[in-house]
Amino acid sequence: MRKYINDSFPHFLHGGDYNPEQWIANKEIWDEDMRLLGEANCNELTVGIFSWATIEPEEGKYDFSFLDEIIEKIHNAGGKIVLATPTGSRPRWMAEKYPEVLRVAENGQRNLYGTRHNHCYTSPVYREKAAAINRRLAERYGKHPAVVAWHISNEYSGRCYCPLCEEKFREYLRKKFDNDINKLNHAYWSTFWSHNYTSFDQIEFPSSRGETVIHGLNVDFRRFVSEMTIDFMSEEIKALREFSDLPATTNLLRPVYDLDHWKLAKVLDVISWDSYPEWHSPRHENEAYERGFYHDHYRTLKNRPFMLMESAPGLVNWMEFNKLKRPGMDRLAAIQAVAHGSDTVQYFQWRKGRGSSEKFHGAVVDHVGTSDTRVFKAVKATGETLKHIDEICGTMPEVKVALIYDIENRWALDDSQGFCRKNKKYFETVTTYYKAFWKRGITVDIVNAHADLSKYDLVVAPMLYMTDKDTVESFTKYVENGGTLYATYMLGMVDENDLCYLGGFPANGLKDVFGIWNEEIDTLYPQDSALVKCNCGKEFVAKDYCEIVHARGAKVLAEYASEFYAGSPALTVNEYGKGKAYYQTFRDGGDFWDTIAGSILAELDIHGPIKADLPELVTAHQRQDGDDFYLFVENYSGKPVENLSLEGEYIDMETGDKATSVSLGEFDVKIFKKI
Amino acid sequence: MRKYINDSFPHFLHGGDYNPEQWIANKEIWDEDMRLLGEANCNELTVGIFSWATIEPEEGKYDFSFLDEIIEKIHNAGGKIVLATPTGSRPRWMAEKYPEVLRVAENGQRNLYGTRHNHCYTSPVYREKAAAINRRLAERYGKHPAVVAWHISNEYSGRCYCPLCEEKFREYLRKKFDNDINKLNHAYWSTFWSHNYTSFDQIEFPSSRGETVIHGLNVDFRRFVSEMTIDFMSEEIKALREFSDLPATTNLLRPVYDLDHWKLAKVLDVISWDSYPEWHSPRHENEAYERGFYHDHYRTLKNRPFMLMESAPGLVNWMEFNKLKRPGMDRLAAIQAVAHGSDTVQYFQWRKGRGSSEKFHGAVVDHVGTSDTRVFKAVKATGETLKHIDEICGTMPEVKVALIYDIENRWALDDSQGFCRKNKKYFETVTTYYKAFWKRGITVDIVNAHADLSKYDLVVAPMLYMTDKDTVESFTKYVENGGTLYATYMLGMVDENDLCYLGGFPANGLKDVFGIWNEEIDTLYPQDSALVKCNCGKEFVAKDYCEIVHARGAKVLAEYASEFYAGSPALTVNEYGKGKAYYQTFRDGGDFWDTIAGSILAELDIHGPIKADLPELVTAHQRQDGDDFYLFVENYSGKPVENLSLEGEYIDMETGDKATSVSLGEFDVKIFKKI
Amino acid sequence: MRKYINDSFPHFLHGGDYNPEQWIANKEIWDEDMRLLGEANCNELTVGIFSWATIEPEEGKYDFSFLDEIIEKIHNAGGKIVLATPTGSRPRWMAEKYPEVLRVAENGQRNLYGTRHNHCYTSPVYREKAAAINRRLAERYGKHPAVVAWHISNEYSGRCYCPLCEEKFREYLRKKFDNDINKLNHAYWSTFWSHNYTSFDQIEFPSSRGETVIHGLNVDFRRFVSEMTIDFMSEEIKALREFSDLPATTNLLRPVYDLDHWKLAKVLDVISWDSYPEWHSPRHENEAYERGFYHDHYRTLKNRPFMLMESAPGLVNWMEFNKLKRPGMDRLAAIQAVAHGSDTVQYFQWRKGRGSSEKFHGAVVDHVGTSDTRVFKAVKATGETLKHIDEICGTMPEVKVALIYDIENRWALDDSQGFCRKNKKYFETVTTYYKAFWKRGITVDIVNAHADLSKYDLVVAPMLYMTDKDTVESFTKYVENGGTLYATYMLGMVDENDLCYLGGFPANGLKDVFGIWNEEIDTLYPQDSALVKCNCGKEFVAKDYCEIVHARGAKVLAEYASEFYAGSPALTVNEYGKGKAYYQTFRDGGDFWDTIAGSILAELDIHGPIKADLPELVTAHQRQDGDDFYLFVENYSGKPVENLSLEGEYIDMETGDKATSVSLGEFDVKIFKKI
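Chains as they are written, first to last, in our numbering: chain L, 217 to 891; chain E, 217 to 891; chain P, 217 to 891.
Watch out, some of these pointers could steer you wrong.
[Said to hold, decoys possible] To give an idea of the chain P side of the interface with chain L (calculated C-beta under 10 Å), a few residues: (1) ALA311; (2) GLU322; (3) PRO379; (4) SER423; (5) SER424; (6) ASN533; (7) LYS539; (8) SER587; (9) ARG590; (10) MET869.
[Unchecked claim] Partial selection, computed: residues in chain L whose CB lies under 10 Å from chain E: (11) ILE240; (12) GLY276; (13) PHE280; (14) SER281; (15) ASN327; (16) TYR329; (17) VAL341.
Calculated from the structure, these hints are not laboratory results. Idealized CB from N, CA, C, for every residue including glycine.
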């Protein structure tokens with residue numbers, strides 16, 4: 217069963233953000249845009265994102281004529297529309313009349329009008345104004361045949377430190393701690409430094425001007441900020457729902473940091489995100505697999521195809537160095553998203569504006585205004601490919617592996633005082649574990665620590681410092697029932713309030729599951745390293761962290777071969793129930809894990825669509841539905857690939873030719889359907 | 217016709233800043249200073265710069281006895297005086313009684329009393345107090361025979377964010393946009409992010425707390441700050457003019473950044489500046505030609521001899537590393553200024569103070585208080601040289617080349633979001649172009665984009681991102697009429713409001729003048745480079761920027777030989793009207809330009825006073841008046857130079873000997889007059 | 217005569233900070249702690265440091281039951297107690313009710329509740345509340361047989377910018393300058409930049425928002441901050457003294473920066489400090505001798521044994537990299553303190569807390585809660601050693617050398633505008649001078665510039681930029697009377713108000729004492745160096761600073777051999793009175809000084825307890841009392857040491873064996889008593 221973004225349009229969307237209000241004085245440009253849309257093989261435009269000042273130029277005075285006109289034009293040109301609520305940026309008059317809609321900074325000072333967002337999510341006035349305009353948009357366009365989805369606001373982010381928000385935070389904590397200040401004191405271990413609270417009224421936001429050391433408070437503050445953002449978004453959607461049932465999405469941002477995407481996903485119908493890799497940079501290789509990681513994360517969030525809401529035609533303008541995408545890269549990056557489950561390829565932006573901060577950001581249509589540009593032609597080529605592979609729309613990849621990337625763990629770990637204090641490298645570590653799957657073409661679900669693990673054959677949990685009791689239980693059951701769990705150093709140190717577990721790490725029951733006790737963790741200076749010897753005979757280098765772990769039932773698969781802890785375990789495995797639990801005690805550069813992953817995957821018979829080793833920076837992914845099996849072969853390297861065996865019979869979906877092997881140019885991708 | 221600083225004293229001034237109010241309790245030091253003045257071969261002292269608290273110790277209570285006395289002493293010692301208005305630093309009582317004279321910082325907080333400046337240029341009180349004391353100074357000393365010029369305030373700089381200034385900014389914009397908010401909205405492209413203004417009252421200063429992305433606003437803010445500073449200065453001069461016609465100058469500062477020197481020069485009679493190079497540092501070589509650049513800039517501002525108002529005897533104290541100037545360097549740096557058109561050599565400072573932040577800044581007279589120091593003797597030697605070459609005073613160099621360094625372009629380019637975002641290297645690039653002239657001894661006028669170009673044989677315009685319509689027209693006419701124009705990547709991208717030109721770069725008509733269309737610009741990572749092949753056969757390396765340019769009529773003189781744009785133009789030339797327009801599409805390390813410059817200069821028969829190639833870090837400059845031709849041969853290298861041919865017959869102005877060649881010691885300079 | 221921390225307990229204390237209020241809900245942990253105390257060979261616990269919220273949960277409502285109980289438990293377990301006043305951190309209710317107890321930051325904004333300290337030392341309310349609780353503590357526990365000392369507050373530090381403090385600062389200056397604003401104006405050289413004060417009411421704190429350049433004000437501000445902290449501490453002690461005569465100490469911190477320890481020591485009975493070296497880091501070697509320096513400093517402060525109040529079992533958690541101490545290091549670091557005069561080895565912390573910012577800081581008892589850990593066993597081993605060497609308690613080392621490390625000089629030098637502006641490296645330089653003594657096992661007194669020098673055979677004064685008239689006199693007399701004084705570049709430049717001396721450096725009389733005149737100082741770029749040739753024939757490299765000094769009577773022992781000052785003195789010596797005064801004109805890497813130190817020490821017959829050269833990172837120290845002579849041989853290197861001759865007959869205090877030589881493992885120490 218295929219799942220579509222919108223069942224009324226079971227096709228890939230190809231288009232992007234369009235700001236026609238910038239050209240209201242040059243409507244001939246609107247008409248030219250409609251003409252160019254088809255020429256570019258595009259079928260979608262996203263409008264309304266920053267139109268608030270145009271459609272409500274004065275408080276309560278709405279003027280939809282511009283939107284009416286442009287929506288009809290797009291519709292007439294055969295385009296579909298993703299329609300945005302305009303709350304990503306308020307009109308000036310609102311900040312002028314209601315200063316309380318502006319955010320307050322950490323230093324207590326209210327911001328001035330400017331930038332995007334910069335509004336208080338708790339502000340009753342702002343919520344009222346947002347709901348009012350959303351309601352009108354939904355009423356007017358919510359059933360328009362060209363409109364296929366709601367784009368809620370734009371890249372929600374940030375936080376506000378105003379008194380209203382602080383009071384909401386107190387409410388949040390009263391609820392969490394059953395209005396019992398002693399529960400809070402215990403959870404926050406506030407006796408430390410005599411910081412006991414005697415009333416919820418004493419709670420202030422964590423601040424460099426005051427309270428910084430209560431890590432439980434810090435992590436609850438992050439939870440609260442995420443919750444307030446989601447609550448604001450829910451109210452936006454609620455207003456739309458009064459008049460429209462179109463699917464709702466919001467465009468998420470890469471850093472995956474300030475928002476708990478798992479909680480946010482619950483109130484959305486479809487996930488979409490904005491992907492801006494630094495191709496051809498010194499971290500080009502990392503980008504290749506990190507993009508896979510992100511796409512997998514966004515697909516996993518609702519376990520259905522997602523939308524690539526924004527990507528840059530040609531280049532961006534806001535990085536430190538804004539390099540041109542090399543020929544082929546626009547198409548390869550677009551199809552990479554599809555290979556991981558995206559059903560759209562959308563750009564920021566359709567046409568470059570003349571002024572302000574994004575005028576040099578890549579666009580389908582450049583300042584020159586013609587289709588005779590390298591970038592326009594690249595977009596057109598991507599559109600051509602999408603047309604040929606349209607039947608893939610709605611399918612999903614098959615997945616047997618879950619990798620845990622837990623945002624609450626990241627918040628807690630980054631905030632923790634200890635280890636290497638400034639840079640815990642959680643994300644880098646998780647993606648290093650991801651890479652071993654990516655290079656083998658094994659699609660992975662990126663889950664958080666509370667996911668249902670029962671459907672996976674293998675679960676990998678790097679650096680899961682914060683392991684709450686539910687997770688301890690979930691891990692225990694997963695292994696008992698036959699699952700293979702691979703965890704690393706720092707597992708099970710603190711509970712959900714960042715309180716250390718007593719009785720030895722990892723937390724209670726996990727010592728039995730893994731058959732170990734972790735006594736100490738050695739943090740190395742960058743200049744340091746330790747030697748690790750695998751039972752297989754190979755040697756590896758440990759960097760950054762080496763735990764001194766005692767095997768208590770587990771079998772030792774690798775040991776340290778230097779430092780005062782030489783001879784103590786570097787990797788253990790424990791048979792527990794019907795499953796196995798691995799524990800890696802040190803940070804490796806990826807080579808150790810890659811070797812171990814090879815053995816474990818072989819044992820579990822997990823592999824990618826092409827089993828043979830692939831050339832460096834070349835990979836393959838699959839999407840499928842019943843008997844339909846689609847194969848993507850992707851080349852992120854700057855070198856051509858010749859005659860790679862497909863290990864089966866396929867049809868090249870663009871040429872229609874039969875194929876049992878594939879050759880690829882630099883930054884090339886080909887898509888096949890299994891015969 | 218020679219032009220003098222002050223016609224009543226047609227001689228070089230040699231002296232510097234003197235703060236006798238610091239020694240009011242030790243007047244024997246005043247007398248010793250008068251004695252040392254002559255011993256040091258000095259003939260000038262600049263007084264009054266920070267005397268406000270001494271001459272107006274309480275509000276409205278003036279006491280000029282100290283100034284009366286010191287001016288008479290200097291006069292009696294045969295010295296000339298440059299008399300300063302004291303507005304560089306207010307007395308404490310003024311800030312205490314009128315806090316509004318203190319600046320407000322960007323965060324909205326009013327400064328406390330302290331440092332220099334730190335006053336609001338719009339403050340009516342401050343303007344009134346400044347005018348009052350200036351009027352009294354002019355009345356009292358404006359016709360004193362020893363006083364030769366007014367030194368207005370001191371190193372004007374900085375800005376204020378107070379409500380008065382903000383209101384002035386609104387006025388400024390109302391005037392610029394004819395009180396039409398829609399004109400402003402269009403110019404600022406404010407529809408972007410829904411930032412439309414509906415009233416001029418909504419305008420706030422650009423601020424990290426609010427509006428940051430409206431680049432048109434940002435550049436107008438810089439224009440406004442510059443204008444307010446100039447307006448304040450004009451009022452200072454106006455007050456003096458009620459009683460005195462002495463020439464007025466203000467000491468400008470190196471960075472050439474916050475003020476539009478071209479607008480400022482209009483209200484001054486004479487330009488002066490403070491030069492503080494980092495000799496003998498890792499950037500010694502850059503300093504050698506950058507100082508030439510600055511001196512040329514300051515001479516060009518009013519096309520007449522300028523004043524080196526401040527320079528450091530021996531060393532400064534405020535750099536990160538405060539190294540001693542090596543023997544010879546004091547004299548060489550002084551005469552370098554003269555070689556480029558300075559008619560003064562002045563120091564900061566005559567005598568080191570005992571306390572506060574400049575007590576370790578070099579001075580003619582050190583804390584030891586005697587003339588028996590290395591630095592005192594160096595000053596004395598410079599004075600000796602100046603006496604021998606006094607007849608050069610008032611002459612000017614002959615100039616055939618203009619190099620465009622445009623401050624508004626720099627403001628816009630640095631603020632632009634795109635390319636390499638953090639460091640555009642505009643100044644470094646312009647001075648790299650300058651270097652090719654400097655090493656050949658070719659004196660260059662440093663002009664802005666609105667200069668009258670008709671008098672030049674060659675005009676060079678690097679990175680002229682902001683090219684307004686007047687400049688487009690000026691360039692077109694210049695080439696049409698036979699001029700040679702050499703421009704580079706980024707030419708003609710935006711207008712004066714930082715709005716991108718539509719229809720392809722460079723702006724409209726310039727595509728015809730240069731015979732090209734610039735489709736894209738590739739920004740390289742520092743690790744990247746591209747290869748460029750010249751038709752001459754030589755190869756060069758492109759760094760940072762490579763434009764993909766299409767020749768549309770232009771002749772291609774060099775091409776890329778690597779990257780996906782291999783084969784596209786690296787240098788083009790177009791014959792247009794009676795002239796030629798060159799366009800360089802990439803950033804080179806200076807070697808490519810140096811090679812091309814060699815050909816172009818040969819073709820145009822432009823050369824320095826010595827035509828032969830000079831040794832590294834050795835150069836030669838000329839000043840002339842009718843038949844009088846003066847030659848300066850300068851050695852910035854740490855090695856002696858032997859028997860360099862002068863290519864003509866000269867007299868060594870210090871020895872009186874005839875010379876056809878010259879030998880120079882390390883950091884040495886010799887001055888010749890043509891026979 | 218031995219001097220003990222507390223005569224009633226003439227033994228080493230071995231224990232540390234204990235926070236039982238964190239475990240009030242788990243009293244079985246208290247009992248377990250009592251059991252573990254003995255097992256760890258510990259005999260002390262420090263309690264009460266952060267107990268304020270527990271013992272005064274509401275204003276004026278005291279509840280000592282928790283302290284009563286825990287003190288009895290410790291007493292019954294045979295432990296001694298160091299009892300803290302709880303003022304290091306206020307309860308929340310105090311900040312809620314009296315916001316004025318919170319500090320104001322430099323920007324004028326009052327802090328929020330949080331962190332430690334963060335209280336205004338001038339606040340009358342805070343002083344009243346502190347005195348009230350201290351009085352009750354003293355009344356209740358001041359004569360308890362288990363309590364051996366008062367631990368006043370915790371790591372005093374920081375400053376407040378509130379109006380109350382600012383008014384106190386004005387009072388401080390009125391007193392210093394006899395209420396005469398002209399005296400202040402002269403001392404501050406405020407005429408510079410017209411900053412003259414006309415009233416003490418105009419004085420504001422130095423601030424980046426205002427006054428920054430008055431260096432005399434800056435150094436007085438530092439003196440004031442130190443004085444206010446000491447004044448606050450004195451009031452704390454005064455309150456205790458109403459009921460208790462126990463010795464009072466406060467735990468000082470490494471940086472030795474914000475407080476004038478010499479003034480603070482006057483109001484304390486015993487010195488204690490918190491030592492947190494970065495062992496096994498890239499600066500392991502520096503730590504080895506720097507710790508010696510610190511210990512010597514703290515011993516010198518009151519010329520009696522001191523307390524090592526805090527040290528980390530195993531590791532800390534707040535450094536950038538928190539590496540484990542290698543086996544042996546805990547014991548070696550503990551005994552190093554003893555070797556330099558400590559009579560305690562105390563840890564932060566006894567037991568790791570579950571939450572907040574120090575939960576990963578090393579502790580005797582880890583989260584696992586057992587004695588079966590590497591770290592617990594290391595503490596136990598240290599305790600074992602301490603028992604064997606207990607008779608050393610109360611003795612002192614013999615000292616013949618003083619090294620001047622002057623905090624006022626450091627404040628002034630760091631603040632000075634000149635030289636290498638950002639990093640004067642005063643501390644690094646002083647400790648480089650120290651190292652030559654440390655490696656020879658020569659114990660050194662670390663004094664300030666106002667110490668009585670008469671008892672020393674050798675005094676070393678590096679970089680004594682600020683040399684007031686008393687010091688000039690003290691130096692003169694010291695040399696006259698036969699002392700050997702070794703000073704370096706920058707000696708005698710400014711007086712106590714940072715006013716430059718006139719008449720040439722070093723200050724007045726010192727030119728005669730040293731027989732030199734210092735004309736100029738050359739600051740080198742990091743890339744630069746100069747060559748120095750010693751009369752002995754060896755060559756050395758000068759970095760950073762080279763003074764151009766003229767010998768005026770002094771004998772030149774070394775000269776520059778490069779740069780334009782080649783041939784001028786690098787080291788001079790002058791016979792003056794019965795003594796000798798050396799002057800080193802440049803910064804060396806330590807090798808030059810080490811060579812010179814060797815000659816001078818030989819001449820003065822000063823040596824360590826082992827005269828032979830010791831292996832690298834191995835040293836030996838002594839403590840003695842009458843005929844009792846104790847020898848510590850310490851190995852900070854990662855290599856074993858074999859058969860090092862002790863140059864005498866000793867008994868190994870741990871084994872009881874006779875010994876004439878010693879072998880040591882990695883990071884090992886052995887202690888001997890002379891037979």
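Hint check: 10 Å Cβ-Cβ cutoff, GLU322(P) to chain L: Since chain L brings no Cβ nearer than about 12 Å to GLU322(P), farther than 10 Å, the hint is violated.
Chain L contact restraint on MET869(P) - CB to CB distance below 10 Å: Violated - the Cβ of MET869(P) stays beyond 10 Å from chain L, reaching only about 26 Å at its closest.
Given hint PHE280(L) near chain E, where the shortest CB pair must fall under 10 Å: 15 Å, violated
Satisfaction of the ARG590(P) interface hint, Cβ to chain L closer than 10 Å: 7 Å, holds
Cut-off 10 Å, beta-carbon criterion: hint that SER423(P) touches chain L: Violated, about 17 Å.
Hint check, GLY276(L) versus chain E [nearest Cβ-Cβ separation less than 10 Å]: 14 Å, violated
Interface hint compliance - ASN533(P) to chain L, C-beta minimum distance less than 10 Å: Nearest chain L Cβ about 4 Å off; hint holds.
When the least beta-carbon distance from SER281(L) to chain E is tested against 10 Å, hint result: Cβ of SER281(L) sits 15 Å from chain E, so the hint is violated.
Minimum beta-carbon distance criterion (10 Å), TYR329(L) to chain E: Holds: closest Cβ of chain E sits about 5 Å from TYR329(L), inside 10 Å.
Restraint outcome when ALA311(P) is required to lie within 10 Å of chain L by C-beta distance: Check passed: Cβ of ALA311(P) comes within 9 Å of chain L, closer than 10 Å.
Hint check: 10 Å Cβ-Cβ cutoff, ASN327(L) to chain E: 5 Å, holds
Minimum beta-carbon distance criterion (10 Å), PRO379(P) to chain L: Interface hint status for PRO379(P): violated (18 Å vs cutoff 10 Å).
Violated hints, in rising order: 2, 3, 4, 5, 8, 10, 12, 13, 14, 17; the structure is consistent with all others.
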